[in-house]
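Listed below are the residues making up each chain.
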Amino acid sequence: MTRRARLTVDPIACDGRGLCAELLPELIRLDDWGFPVITGAEVPAGLHGEVAAAVRLCPRLALHLEPPPPGRAG
Amino acid sequence: MSRDPASSCLAATRPRLLPDEADPGAAAALRGHLARHGARPSCAGGRHHRQRLIGEVEEAGLTGRGGAGFPTAKKLRVLAAGRRAPQVIANGVEGEPASDKDKVLLSRAPHLVIDGAVSAAELTGATEAVIVAHPAACQAVQDAARERRAAGCDQVPVRVLAAADGFTAGEASAVLRWTERGAPVPTGRAPRLGRFGHQPALVQNVETLAHLALIMRHGASWFRSAGTPAEPGTMLVTLLGAVRWPGVYEVEPGVPVSGLLDLAGGTAQPSGALLIGGYFGTWVAAADVLDLPFSAAGLSPLGARPGAGIVGVLPAGACGLAETARLTRYLAGSSAGQCGPCVFGLDAIARELELAAAGGGGDLTRVRRWLRDVTGRGACHHPDGTALMVGSALRAFRDEIGLHSRGRCSGTSGAGVFPVPGPPS
Amino acid sequence: MASTQWLWFISRGSGLVLLVLFTAVAVLGTATRLGWGPPRWPRFVAAELHRSLALFTVALLGLHVITAIADPYASIGRAATVIPFLSPYRTAAIGLGTLAVDLGGAVLLTSLVRYRLGLRAWRAVHWLAYLAWPAAFGHALSAGGDLRIGWVAAVIWGSAAVTAVAVAARLAAAVAAWAQSASRPHRQVRRELRGANR
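Residue numbers (my numbering), protein chains in the order written: chain G, 108 to 181; chain D, 1344 to 1768; chain R, 102 to 299.
Please keep in mind that the hints were generated in silico from the structure rather than gathered at the bench. Predicted, not measured: the structure shown is a model, and the values here were computed from it. The beta carbon of each residue, even a glycine, is placed where N, CA and C say it ideally should be. One thing to keep in mind: the hints can contain errors.
What the hints assert, rightly or not - So the derived list for chain D, only partly shown, Cβ under 7 angstroms to chain R, looks like this:
#, residue
1, Gly1680
2, Gly1683
3, Val1686
Claimed, not checked - Listed next, with one range per pair, are the computed distances between beta-carbon atoms:
#, chain 1, residue 1, chain 2, residue 2, range
4, D, Ser1601, G, Pro176, 42 to 50 angstroms
5, D, Gly1608, G, Gly147, 49 to 57 angstroms
6, R, Ile167, D, Arg1715, 34 to 42 angstroms
Unchecked claim - Far from chain G by the CB rule (all over 12 angstroms, computed), these chain R residues:
#, residue
7, Thr105
8, Gly114
9, Ala148
10, His151
11, Ile170
12, Asp203
13, Tyr231
14, Val268
15, Leu272
16, Ala273
17, Val290
Please work from the sequences and hints to get the whole structure.
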């Protein structure tokens, strides 16, 4: 099973600006107060471009794409 | 300002951490401490020797007494094996208003805590030991440190720092940041074992360090001679609310909850519900829990945990829903304010609970959704713990909620039961 | 003769266009920060426009600087395009332009690598944009457009007015945030929701 890159939000940096949810509605929705909830942490292959754009555009640099964890042996 | 910490120990076995009933003030002074416990054995030495001593701690099965219950030996091993010299931080902040055990321990047995901190420093090769003490107990710890400096007790430098105010100030990364002259708020970096600040740090609750000091003197099998095989040793508990003698007691894990309440003189009136584990704990009906052993294993059928050993008793005449609303409002206000879901989510939850408590209002379906929404979305566990407590209240006080939706309330007294301090200065 | 006049026209013309573009970039930057925009526009539009327009503006700025060096009538010297107040020709006026290029260049370069730089370092440099615009404006007034021509003056003063409004709005937001955070020493989420947050 291949491990995928994971999308995370730094809750301290995040200010609820909302750009990420507009760019990635497949993976992020906004809660009742405008802050992002990651609904799909594992990024499907087809969305890597959009994810890169969202990470780049976040005004607070709060969106992070963590590299896939190293596979376990055995 | 919190209540004056009362201390009393009527455990069946002789107390280990808390001083003897006969002379409660004696152990605060160095002479009394040495008379009772003897001198602190040195833990310094080569790596092999220190790892063997850590093995003793592992065999004893000591786990953290700050609420999380993480095995202490594991933390010690990781830091002792590390390349860089760590620092030891004794966490006596006790930001939780319902808990008094750390203040009492630091006031009555500061030397035991400092012994533990210095031993931990020697075991991990640390450069210094910092005791962060709640302001109510700070003077006692500073006096003790001064006595030890004069007597030349410790090879490792010991520094005493007064804690900051506020609930979140007691969180491990917040304490670490406070010692580095930063703001006393959580940093949010996932704290892998020992690695959150500039220097690797061992952050341990002061009670855990006190137990460590005794294990170094008396060994693992002595430690295990009390408690249960899964949860050995003794623990400090804070009993508050509708008990005759609220205060801090030293007990063995596994003692039935009714036994705990008897230690505190029993309940003055019949109890309605108990809050087990503090403000991040679980509400349970008194009848359901009185016969259960007070331990992680014993309470798990109810979804409750001893946590930092806090049991609050709500008398039958008080309204559980109103009390929950009060606590939730306090928790919402004591957020560090760094993360949106915590700031806005807890405030919204508190508002709905207040409406429900006042009668006739409050959308509890929305509250349930919000409880899921705030969990795991802050930099620390403040929203998670609050959500757990509120979730348990919605289950435990189901009947009360039904009454309130029809504009009635079973409570007879309007006053709040548990302490809710004002905003931090 | 005709060829050098041609360079001079491009230099002056691009200068005026640059002032307008630079103003638009500043306004878009403020809009990104404050969440302004037409109600149905997604939040990322201002952010992307700000970024794209800034890159385009820099490209045009390159043209402006090259025509200035290439112009034999106004001998600036290549060094004066990066070191302010070095040009023997109209030292102060050109110097202000060079200053704007330097400051803007710092903002641009740090923005290209901001993810690696981290939020705090990137923000600290980005504040220099508030110095770059006045430098560019001073350059426009002294080295640039003929203010006796009506529409040129209108463009220049209009740009100033629009930028002033954006800066004032940004200042107001900063004061409000400072007032709220005065009680606690660490950064806090603002406790009232902006309109865009519902």
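Going back to the hint list, which numbers does this structure go against? 6, 9, 10 and 17
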